[in-house]
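**Q** Chains A and B, in that order, give the protein sequences.
Residue numbering for the first sequence follows my numbering, beginning at 67 and increasing consecutively.
Residue numbering for the second sequence follows my numbering, beginning at 62 and increasing consecutively.
Bear in mind the hints are in silico, worked out from the structure with no lab data behind them.
Any given hint could be a false lead.
Said to hold, decoys possible - Each pair of labels, with its calculated beta carbon distance range:
(1) B:Glu428 - A:Gly189: 32 to 42 Å
(2) A:Lys185 - B:Glu428: 14 to 24 Å
(3) B:Val280 - A:Lys185: 38 to 48 Å
(4) B:Thr218 - A:Ala346: 42 to 52 Å
(5) B:Gly385 - A:Ser206: 37 to 47 Å
(6) B:Arg248 - A:Ala346: 38 to 48 Å
(7) A:Asp182 - B:Thr218: 13 to 23 Å
(8) B:Pro194 - A:Gly214: 49 to 59 Å
Keep in mind the model is a prediction, meaning the values are calculated, not measured.
Quick reminder that beta carbons are idealized off the backbone N, C-alpha and C, glycines included.
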Amino acid sequence: MIDTLVVIGTDGLIYAAWLFLIALGLSLIYGVLRVLNIAHGSFYALGAYTAASLIGLYGRRDLWPYGVYLMIPLAALAVGVVVGPLVERGILRWMYSREPVYQLLATYALFLIFEDLTKLVWGVDPIYAYAPYTLLGEVSIGDITYPGYSLLLVGTAVVVGILVSVFIRRTRTGRIIVAMIEDPEMSMALGINVPRMSVLAFSMGTVLAGLGGAMTAPMIAVMPGMGAEVIVLAFAVVVLGGLGSLEGAAVGALLIGLLRAAAVHLFPVLELFVIYLVMALVLILRPRGLWGRMEVRRL
Amino acid sequence: MSRRFSVLNIFILINILLLASTPPGSPQAPTPPGAPAQLKVGIVVFLSGAAAAPFGVPARNAAELLIEQLNAGSGPKPYDRPGIGGVPLRAVYVDEAGGAERQVAELRRLVLEEKVDFVVGYISSADCLAVAPVAEELKVLTFLFDCGTNRIFEDRTYRYVFRTSAHQVIDSIGLARYLLRVRPNVRTIAGLNQNYAWGQDSWNTFRDALLKLKPDVKVVSEQFPKLFAGEFSTEISALLAARPEFIHSSFWGGDLEGFTIQMTPRGLHRRSLIAFTPGETMLPRLGRDVPPGIIVGARGPHGPFAPNTPLNQWFVRAYRDRYGIRPVYASYHMAQALLGVKAAFEKALAANEGQWPTVDQVIAALEYLEFETPSGPIRMAIGKGHQAVEPTAYGITGPYDPQQKEVRLTNVVTFPAECVNPPDGVKSEDWIRQGFPGARCP
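Required output: the full structure, derived from the provided sequences and hints.
**A** Laid out in C-alpha cells, this is it:
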C-alpha cells in the first residue's frame with residue numbers, strides 16, 4: 067500500500083512538473099497582458115522543434131556529451147527572443163483595446179499560421195532527440211525505475227517556478243509589471259514604459275512556452291499537431307489555479323498530476339475524465355479558480 | 062550565314078520542345094472502344110496532422126509511384142501493360158484531416174465538381190464509416206484502403222464500396238495465436254491502448270480472442286491514455302507495478318514512438334513481453350533504438366513480412382529509390398487498392414469483349430476477385446465479395462542490421478487468411494464467441 071502511494075506520489079509529481087512547465091508561460095501572459103494566448107501551443111511546439119534540431123546538431127559533433135542539456139534553454143531563449151517581440155509588437159498590441167474575443171481569434175490565427183510554418187520548415191516526419199532523455203541514467207524508487215530525466219524535469223519546474231516568482235516579487239522590473247497588472251493607466255501616468263514592459267512580459271511567457279516544449283522534445287516524437295494537444299491541458303491548469311496566478315498554476319498542476327496518477331494506478335478508465343472532474347468541482351466551489359481574485363471594476 | 066544559323070537554332074529548339082512535351086515512353090497504345098481519355102481518381106489520405114507522417118505520406122508516396130509506373134506500364138507482370146486497359150490514371154489528392162463531416166463534404170465535391178471516376182482513400186475508421194453510405198448514395202466506386210473497423214461490411218451491405226485490405230480483427234486474432242506460440246503458458250496480461258474506437262476495439266477483440274483460446278488468462282491492468290497524449294510516464298509506472306507477463310498495445314504514430322522512447326530506459330520490455338500490433342512503422346524510423354524482444358506486426362503481410370516475390374521486390378526497390386526509406390504497411394495498403402482497381406477493370410474489360418466496361422460490370426468483376434499485390438495474392442472473400450481477407454504475421458525484434466538500416470525480425474510466423482478472418486457472412490464478434498468455427502490454421 068505504502069509502495070503504491072509512493073509510486074502515485076512520484077508519478078503525480080513528474081506529471082505535475084511537466085504540466086506546470088507548459089502552463090507557466092500561459093499564466094504569466096494572461097496575468098500581465100490579460101491575453102488568453104492560444105498561440106502558446108505553437109510556441110511550445112516551436113521550442114520542441116528548435117530543441118530537437120539543436121540536440122541533433124550537437125549530437126553529430128564529437129563534443130562533451132552533457133553539453134547537450136544546454137541546447138534546451140538555448141532553444142527556449144531562441145524562440146522567446148525571436149518570436150515573442152515579433153508577435154507582441156506585430157499583432158497583439160493592436161488587440162489590447164479590443165474585446166477579448168478578438169485576442170482569442172488573433173492568437174488562434176497565429177496558432178494556425180505557426181502550425182503551417184513548422185510543417186514548412188521541418189516537414190511532417192517526426193524528429194527524435196532523445197539523447198538527453200537517456201544520458202542521465204535511471205533511478206529506482208521502490209520497485210519502479212524512473213529515468214533521471216524525469217527528476218530533472220521536476221527540478222527544472224521547481225527552479226523555474228521559484229525564479230519567476232522571485233523576479234515578479236523582488237526585482238524592480240517585476241514590481242513594475244505587477245503595478246501594470248493592477249492599474250495600467252496609472253502606471254502609464256507615472257511614467258512606466260508600458261509597451262516595453264508588455265514586450266518583456268510576453269517574451270518571457272514565450273521563453274517559458276518554448277522551455278516547456280524543449281524539455282518535452284527528448285521524451286517524444288516531435289511532430290506536427292503536438293501544440294494542439296498541449297494547449298487544452300495548459301488551459302485546464304491555468305483555469306483551475308485561477309487565471310494569471312503562478313501559485314495557482316503550481317497547485318493546479320499538482321492537483322491534476324496527483325489525481326491523474328491515482329486514477330491511472332487505481333481506476334485507469336477514469337484517466338481522461340479526472341482532469342475535467344477536478345476542474346468542474348473546483349469551478350463550482352470557486353468560480354475564479356483556486357487562486358483567482360475578484361477583479362475590481364472601475365467606472 | 063547568321064540568319065541560317067538562327068533558323069537552324071529555332072528548328073532545333075522546336076524539336077526539343079516537341080520532344081519534351083511528349084513524355085518518354087508514353088503509351089500510344091490504342092484504347093478500348095468507349096474508353097474515356099483518362100480515369101480520374103480521388104485519393105484521400107492524411108496529409109496533415111498526426112496521422113500524416115506514419116500513414117498518410119507513405120500512402121500518398123505509394124500512390125504517386127504506382128500511378129506513374131502503371132501509366133508507363135513499367136511494372137512487372139501482371140501489371141506490365143500501361144494504364145488501365147491503356148487508359149491513363151490521373152490523381153486528385155485530398156487531405157483526410159478535419160473529421161468525418163468534412164470528409165463527407167469532400168467526397169461530394171470530388172464526385173460532383175471534380176467528377177472523379179472512383180475514390181481510393183480513408184485511413185481513419187470514423188471517416189470510412191461516415192463516407193461509405195454517402196458513396197453508395199452518390200453511386201461512386203469507392204475503395205477503402207486502410208481503415209481498420211470491421212463494422213463496415215458486418216453491419217451493412219454496399220454495392221459501390223469495397224475494402225481492399227483486411228479489417229483489424231486479423232491483428233487481434235493473429236496476435237492471440239502468436240502469443241500462445243511464443244508464450245504458451247502466459248497467465249497475466251495487460252492492455253495499453255489509445256482511448257478511442259481503434260484502441261478500444263483492438264484491445265477488446267484481442268482480449269476476447271485470447272480468453273477464448275486460453276480461458277485461464279487474467280487481465281491485470283487496462284490502460285487507456287488519451288489519444289496523442291505524448292507523455293506516458295504514469296502508465297509505464299502502472300504497467301511496471303502490475304507486472305503482467307504480456308502487454309498488448311495498438312499504439313501508432315507519435316504515441317507508439319514516444320512510448321517506446323520512454324519505456325526503454327525504464328526496462329518495461331525486460332519485465333513484460335510487449336506487442337505493438339502496428340509496430341512495423343517504427344522499425345525504419347527508430348532503427349537501432351528499437352529495443353530487442355518486442356513483438357511487432359504490420360496489420361497484414363506487409364513491409365518485412367511481405368513475400369519475396371518479383372512484384373514485392375520491384376515495389377520495395379522503386380519506393381526506396383525514390384523516397385529513401387522502405388514502404389510501410391500504409392504504402393502496401395495503397396498498392397493493394399490501386400492494383401485491385403486495375404485488376405477489376407481489366408477483368409471486366411476482358412469479359413466485355415474489349416469494350417470499355419460499365420460500373421456495374423466493374424463491380425461484378427471485383428466481387429470475390431483474387432489479385433496479385435506486393436503483399437501476395439489478395440482475395441475479396443468476405444462481406445459479400447466487398448471485403449478483402451489477408452494473412453497476418455508477427456515477429457520479434459532482434460539485432461539491428463546496419464546494411465538495411467533496420468532491426469531484423471526473428472520468430473516470424475505468418476497466419477493464413479482462413480486462420481484469422483471470419484468466414485463470409487459471419488460477424489467477427491460471433492466468430493470469436495463461438496470459438497473460431499471453420500478456422501484453418503497451420
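**Q** With reference to the structure, classify each hint as holding or not holding.
**A** Hint check:
Roughly 41 Å separates the CB atoms of B:Glu428 and A:Gly189, a value that falls within the hinted 32 to 42 Å. Between A:Lys185 and B:Glu428 the beta carbons are some 41 Å apart, a value that contradicts the proposed interval 14 to 24 Å. Separation of B:Val280 from A:Lys185 is about 40 Å and conforms to the stated range, judged on CB atoms against 38 to 48 Å. In this structure the hint that B:Thr218 and A:Ala346 lie 42 to 52 Å apart at CB holds, the actual value being about 44 Å.
For B:Gly385 and A:Ser206, the hinted distance range of 37 to 47 Å is satisfied, since their beta carbons lie about 41 Å from each other. A beta carbon spacing of about 40 Å between B:Arg248 and A:Ala346 agrees with the range 38 to 48 Å that was offered as a hint. Roughly 42 Å separates the CB atoms of A:Asp182 and B:Thr218, a value that falls outside the hinted 13 to 23 Å. The hinted range of 49 to 59 Å is satisfied by B:Pro194 and A:Gly214, whose Cβ atoms lie roughly 53 Å apart.
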